[in-house]
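Colleague: Protein chains in written order, with the working numbering: chain R, 1 to 146; chain F, 1001 to 1149.
Quick caveat, the hints were computed from the structure, so don't treat them as lab data. All C-beta atoms, glycine included, are put in the ideal place defined by N, C-alpha and C. Possibly wrong hints are sitting among the right ones.
[Stated by the list, open to error] Not everything, but these chain R residues come out facing chain F in the computed CB check (under 8 Å):
no., residue
1, V2
2, D9
3, V18
4, T64
5, L135
[Unchecked claim] Now the in silico label distances, taken between C-beta atoms and shown as ranges:
no., chain 1, residue 1, chain 2, residue 2, range
6, R, R50, F, S1071, 26 to 34 Å
7, R, E123, F, R1093, 47 to 55 Å
8, F, R1088, R, D3, 34 to 42 Å
9, F, D1145, R, D126, 16 to 24 Å
Listed below, chain by chain, are the residues.
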Amino acid sequence: MVDERVAEDLVQAFSDVVRAVRVGDRQGQGSAPAAVLALLADLHRLGDVRVGDLAAVSGTGAPTASRHAAAAEELGLVVRRPDPDDRRACRLALTPDGARVLEAHRAQQSRRLCQSLADWSDEDADTLLRLLRRLGPNAPAPTPLH
Amino acid sequence: MREDAPTPGPLGDLEAVLADLWQRSRATARDLAHGLHPRLDPTAYPLLAVLGHAEAMRPSELSEALLLDRSTVTRQVDAAERLGLVTRVPDPRDARARLVALTPGARERLERLRRARLDRWHASLAQWPTQEVEQLTRLLERLRDAGVD
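Based on the sequences and whatever the hints tell you, model everything.
Modeller: The following block contains the structure:
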């Protein structure tokens, strides 16, 4: 059984890494605010969705989700279309520009990661990979601050 | 360094694994925020987590700890205050200033969530030799120090 402190250290280290990525995101973004990028990522994952469903997925509540959707729409990154199943509702979809912005953001994230791993040996990278995989999908995901 | 093509070898795989982790960590922040209050915006979870480690903090300290500008901190504190999660208290060192603190209810819920997460970590690590947990910790610290930013 792993000692309490050893486990806490791991959780802390994990949390610090996620935090570093977030900070990098904030500094590196120029194309769109973080909330809009998160919305684009949700749309990319889910396909066309109603704003209400998006609010449920992102956990932000309908007013916030509508605000982010409006911001993204203004930037031309998403478009509203009438919902074929419900005439009073509409669905959000990524525009080609939205898909490009999301793709560029992801590429930038990977690039930053590659830069920070550039001087790692294959062996160290392998070990990290093996240990992370061993944690498996059931392990709790790290949060920026625990 | 190439700009677009995925990196081959272990680094490329590592990237994919880490990308998946970031994705899941966003979902986790969402769940934790909901656990504290159904209407708490997930981006405000770090504010409450930081306050959970202290009695009370100045807005300037919060801004520094969270790497957020003062106006964002103020907005998050206002929202959390409306939900009854934080409260502003007088600063004993400065009569004109106010400190931000968790309400007792929020502190208790936060502690319960933290405990539950740590239990899950323990369960995930149950079969691991201590040495490997320490190795993973060291590698993650190195990743952090390299400044993933």
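Colleague: Starting from the range 16 to 24 Å, see whether the pair F:D1145 and R:D126 falls in it by beta-carbon distance.
Modeller: 19 Å, holds
Colleague: Verify the interface restraint on R:V18: the C-beta must sit less than 8 Å from at least one C-beta of chain F.
Modeller: 5 Å, holds
Colleague: Quick check on R:L135 please, does its C-beta sit within 8 Å of some C-beta on chain F?
Modeller: 6 Å, holds
Colleague: Given a hint of 34 to 42 Å, does the C-beta separation of F:R1088 and R:D3 actually sit inside it?
Modeller: 39 Å, holds
Colleague: Tell me if R:V2 is really an interface residue toward chain F, meaning its C-beta lies closer than 8 Å to one of theirs.
Modeller: 5 Å, holds
Colleague: So the hint says 26 to 34 Å: do the beta-carbon atoms of R:R50 and F:S1071 match that?
Modeller: 32 Å, holds
Colleague: Given a cut of 8 Å on the nearest C-beta pair, is the interface hint for R:D9 held or broken against chain F?
Modeller: 5 Å, holds
Colleague: Taking the closest Cβ pair, is R:T64 under 8 Å from chain F?
Modeller: Holds, because the Cβ-Cβ distance from R:T64 to chain F comes to roughly 6 Å (cut-off 8 Å).
Colleague: Just to be sure I understand the hint, the distance between the Cβ atoms of R:E123 and F:R1093 should be within 47 to 55 Å; is that true here?
Modeller: 52 Å, holds
The structure meets every hint from the earlier list without exception.
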